[in-house]
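S.K.: Given next are the chains, with one letter for each unit.
There are 6 protein chains.
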Amino acid sequence: MTDIIRKDGRTPDQLRAVTIERGWSDQAEGSALISFGKTKVLCTASFTNGVPRWKSGSGKGWVTAEYAMLPRSTNDRMDRESVKGRIGGRTHEISRLIGRSLRAVVDMKALGENTIVIDCDVLQADGGTRTAAITGAYVALADAIEWAREKKFIGQRSQPLLDTVSAVSVGIIDGDPMLDLAYVEDVRAETDMNVVVTGRGLFVEVQGTAEGAPFDRSELNSLLDLALLGTTELAVLQNAVLAAGAAGE
Amino acid sequence: MTDIIRKDGRTPDQLRAVTIERGWSDQAEGSALISFGKTKVLCTASFTNGVPRWKSGSGKGWVTAEYAMLPRSTNDRMDRESVKGRIGGRTHEISRLIGRSLRAVVDMKALGENTIVIDCDVLQADGGTRTAAITGAYVALADAIEWAREKKFIGQRSQPLLDTVSAVSVGIIDGDPMLDLAYVEDVRAETDMNVVVTGRGLFVEVQGTAEGAPFDRSELNSLLDLALLGTTELAVLQNAVLAAGAAGE
Amino acid sequence: MTDIIRKDGRTPDQLRAVTIERGWSDQAEGSALISFGKTKVLCTASFTNGVPRWKSGSGKGWVTAEYAMLPRSTNDRMDRESVKGRIGGRTHEISRLIGRSLRAVVDMKALGENTIVIDCDVLQADGGTRTAAITGAYVALADAIEWAREKKFIGQRSQPLLDTVSAVSVGIIDGDPMLDLAYVEDVRAETDMNVVVTGRGLFVEVQGTAEGAPFDRSELNSLLDLALLGTTELAVLQNAVLAAGAAGE
Amino acid sequence: MTDIIRKDGRTPDQLRAVTIERGWSDQAEGSALISFGKTKVLCTASFTNGVPRWKSGSGKGWVTAEYAMLPRSTNDRMDRESVKGRIGGRTHEISRLIGRSLRAVVDMKALGENTIVIDCDVLQADGGTRTAAITGAYVALADAIEWAREKKFIGQRSQPLLDTVSAVSVGIIDGDPMLDLAYVEDVRAETDMNVVVTGRGLFVEVQGTAEGAPFDRSELNSLLDLALLGTTELAVLQNAVLAAGAAGE
Amino acid sequence: MTDIIRKDGRTPDQLRAVTIERGWSDQAEGSALISFGKTKVLCTASFTNGVPRWKSGSGKGWVTAEYAMLPRSTNDRMDRESVKGRIGGRTHEISRLIGRSLRAVVDMKALGENTIVIDCDVLQADGGTRTAAITGAYVALADAIEWAREKKFIGQRSQPLLDTVSAVSVGIIDGDPMLDLAYVEDVRAETDMNVVVTGRGLFVEVQGTAEGAPFDRSELNSLLDLALLGTTELAVLQNAVLAAGAAGE
Amino acid sequence: MTDIIRKDGRTPDQLRAVTIERGWSDQAEGSALISFGKTKVLCTASFTNGVPRWKSGSGKGWVTAEYAMLPRSTNDRMDRESVKGRIGGRTHEISRLIGRSLRAVVDMKALGENTIVIDCDVLQADGGTRTAAITGAYVALADAIEWAREKKFIGQRSQPLLDTVSAVSVGIIDGDPMLDLAYVEDVRAETDMNVVVTGRGLFVEVQGTAEGAPFDRSELNSLLDLALLGTTELAVLQNAVLAAGAAGE
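Residue numbers (our numbering), protein chains in the order written: chain R, 1 to 249; chain Z, 1 to 249; chain V, 1 to 249; chain G, 1 to 249; chain U, 1 to 249; chain A, 1 to 249.
Just to be clear, a hint being listed does not mean it is correct.
Identical chains blur together in the list; that is why a pair holds if it fits in one copy or across any two.
[What the hints assert, rightly or not] Here are the simulated DSBU-like cross-link-like pairs (lysine-lysine), alpha carbons at most 30 Å apart as the crow flies:
{"id": "1", "residue 1": "55", "residue 2": "7"}
{"id": "2", "residue 1": "151", "residue 2": "7"}
{"id": "3", "residue 1": "109", "residue 2": "152"}
{"id": "4", "residue 1": "151", "residue 2": "60"}
{"id": "5", "residue 1": "152", "residue 2": "84"}
{"id": "6", "residue 1": "38", "residue 2": "151"}
{"id": "7", "residue 1": "84", "residue 2": "60"}
To be clear, the hints were calculated from the coordinates, so they are not data collected in a lab.
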């Protein structure tokens, strides 16, 4: 497998260059501008006291997410969903995925009756926007929680974050499993899988789709191996970025 | 594992009673009213000549699907999406899943420039509505294709169906993997997975979500084993129903 | 007039085969699957405590209805109103008609501050969907009220139902008045009338429309005679179905 | 019956003061500002060559109507439907009624492949807005057809108008049938009926609704008698107004 | 400049015939039907106790406005915004302009926690609809405030109106500045400016747009001179109309 | 005037630090990330062959713009317009302003039947987003035109750009005119004006609004003086950035 060299010079098990610009926003309680190669996603975390009505009085917090693409983040300009007056299925699907992924590593009791809204806006798209969004959103979330702790909105001993979480795409191209697909690879993939994994290596989401021919169990296993390789590397990066000092410093 | 008996008397690896009433509709080219226990989904397949503009001239056909729930299919009445004026994320997500699942077993070249729209309307919901929908939709699709062959809209030798396809939910409840979750089980599941499988046993979709704690690789494997057990049984039933004579006879 | 035999073998003053499957739904407080020939409408009644804000404190209840058609209930598939993002005029008109018709036989004081929402979903359409909906909705409504009495949400001596109510279509085809038009008759009718009548034979709604030539007073009278014949028969059936034992038994 | 004097001094069988200001608009091909007492409706008829796609090539024309109320036409300000983003059921219902009523007196063949859109905008509402709208719309329609004849868009010998059409409301208040209900009467009526009648005295629409107790056949007959009295008077007025010289002169 | 005679016989610095029919509506607390030549706008002011939630408890009132055009107010019929399901940018822009213009002359403290909603509906359009709307809306507003004073909803000594306000359009056509453009002039104007001015001659809004070539400072000054001429005349008319006795008398 | 020092250390006639990152996007034909202090707007220009239907065959091109804010570009998170399902009045207003401003410096004949869509997405907001958007959009537009010239979509000798265009806000705070208001200044301004000016110093748009007390002619003149100062400086910067070599180099 390692003999294959991809169009952009990577080996099959290699991530694109990943950078996380923590504290990008002057406005949000937490933020990160993340790049997976040419894919750039601005992630902000907005902290507010209180929870939606249906959670009120539960003593628990809430974390939710919204994903969107700028109209010219892609090669051909897309119409704005605000102009169309409705949000498309893909947008809904990814927003829900990001929300679920982050909630999986948050102890809602420890968060208390507070809400964190994550916004992931794709500034430039080159494949893997949802996985970059999850990975960057975690950093924004962590900083928003730290901000709330400093402001005493959550207790000094509360540990709302149970673990880190990151995500990566994997796929089979011409029969070969590949890690972190760029757009040109994504459109050619027979099978496409997005995997969300905690820092401890446990699965939060596994979403595999046969775009071409259905896949068998051994292909599924190869893809999962590759994905775990990628998320392990991303977790290391997340921790390094967060250890580098408070956001904005 | 087999010692566990579920609330409704099933063993962990047992499907609910599944029935398929083929040719339920007098109007549609193909149809099936499918039940997974108390879950009832009416699936219709509407065949029309021609394809959407973006496929026109490709020589290939198109299969798409829409899923919806009647407002009182559930225990508490839900507002209609037509009244709210927008389709929710969950509805979008499931419609897209059904469409992808069916397209995975259709040879679009053999279908020719024809379109089949699948409608899956949940008349009663008790968990597993999306998996029942996929399983029933396959039967409606097969009959719509047979209808088109008889009407000579597709050639006598064309074989647009490459395989059967069915789906089932699996989940982990109190640490135990279970097949085909009813609603009361679904809300308690720590991990919830929907698996779409072809008649040959290949995966079309694997969508696993940690609702509670993240899951490890061995749990994932147990769930996949269980799912394949279920879809094998469903494929046998689909074939039996379709072999029983033309719809409406 | 009785010498005429219609396409489906009926005499001009004959209803189609009418069946009412009471208690079809496991979820709703009252329900009925009604058929007028090939027209099939699933009617559910959802009971909730409390009333909309504008009725609050009045001591009176509220009954409202929503009507919709499944996309492939008709011969050609219709787009979903949820997908179009707006409800059409015909749907609105029929929903309002059903609601008014049922409210005409409900004593809102006796109902108390409770709300019953009726959903009428057309599973298959062959003319007369609104009249079948009203006729079936009455049965669902009666069972929901009975359910509420058993649950003590309304008093044991309260009699919220003042009378039964049913509806039928009539029309003039080639100059001849006909009862309960099937779709092929409906499109040919010069005049089309929907009549809603209580068990005592009083009018709740009379909606006559000249689709072709305007009609005179004697034609109007013949149509009303025919309609009363039909609703009398439907009232007998409603009472028989409701007398047959509690729903679900 | 004639002994009763209503709040505004009318006898039960008396219309309110009706005025028709023909040619009110400088822009529309036909127009009329009609008053039924304090109810004022601006009716315009817009003539365009061509028909909607579904009528194209049929050699027949099309007439359609839209009804709306200004937000402060009523005693309490209503929200604009444009602001709410959706048209209410009542608006839809009345727009459809106006369109059907006018089409009943138009020979679509004689109109040729031309479209007339009628707009009825209620400037002030005091009951009977839909009946005033139909009555005024007929005048606007007649002038638009005359305009098209002068412009040679329809042949000199074509007679697209088969008859006049007008409408009036009737109702039962405290047991007494009354003609042309003002708003304060309308809210008290037990039964409310809108009747659309041609110049020859034939029915186009009969829409009777029991707002309180259901009504019997003899009440229905009294209401129809009264309605025919009113529409006869309105037809005389329409003819007088149209005979008074071309619009705008 | 005064040698130029416009198509409709006006000199460059001449307003069209302006009429204000005060108290046009029987329903609204204040109203005016204003004409600028063929442009006719119905302005109503609806007074209600209380303010929107975000102003509640501030002791201050609120004034807002909505502008709309009837579909056939223009030469070609426009689709209704209620039918399109969304309000266009131009409508939004003008509604906001009218609201701001009126708020500029209202002392919100003196108004107290009361809301006045201004509706400006264009019945006929021939250029200058927004400026006619502002000018007429002021009269409706003044009467609604007077009504509220009589009803004691605002104190006898409160003077919520700080000044009058009116508006006019000016533009450069073939190099010549012109006052109060009719539609045929408006479409030819190289520069188009709407100016809102108080009775004391102070600016509330200045909105100048180069439709063709950009304009220089001296052109801007000529346009402002002309606009002040027009608004001075309009203020005189407003005062005369309001001095003529209470609305409705 | 020059003695006054603002909160952020600027003199009244001083712009904030303005930076333009040309060619920010790898996808768009032209792009610029512009900052006015903390305000950051991503401007992209999308070039496509052909024009909207209503311009087709005219031989002229079209330039249009859309403006939007990221939900957490502001201090408090705003709801997304795509989620609300409708675009607000302010968004519409600014999109239209940007489009008009750019069209004022484009020779549509020279552009030929091509369309350029400008997207201005506010990544961070601190006042002056619309003026930053116009200023940055010009740079993106210029590069898209250059790109089209290289691709031969427009002739080598065609000069679609007639001039540069930039914009700045000015306002009166505590009686003092100030240039380029930051958000904290903007909310305190009595009068607020946005001025769009070409490189030659001609006005494209002048939009002045009295937020508090109306303003007089001499205040208007001071604001225009200040604005011209600012736009002159911005034009110099635009030219410098565009002279620095092709985008992406």
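S.K.: Would you mind marking each hint as holding or not holding in the structure?
M.R.: Tested hints:
1. 55 - 7: between (49 Å within a copy, 29 Å between copies)
2. 151 - 7: between (48 Å within a copy, 25 Å between copies)
3. 109 - 152: Result: close within a single copy only, 16 Å intra versus 38 Å inter.
4. 151 - 60: The answer is within: 18 Å in one copy meets 30 Å, while 33 Å across copies does not.
5. 152 - 84: neither (42 Å within a copy, 32 Å between copies)
6. 38 - 151: between (36 Å within a copy, 24 Å between copies)
7. 84 - 60: between (36 Å within a copy, 26 Å between copies)
Hint compliance for this structure: hint 5 is the single one not met.
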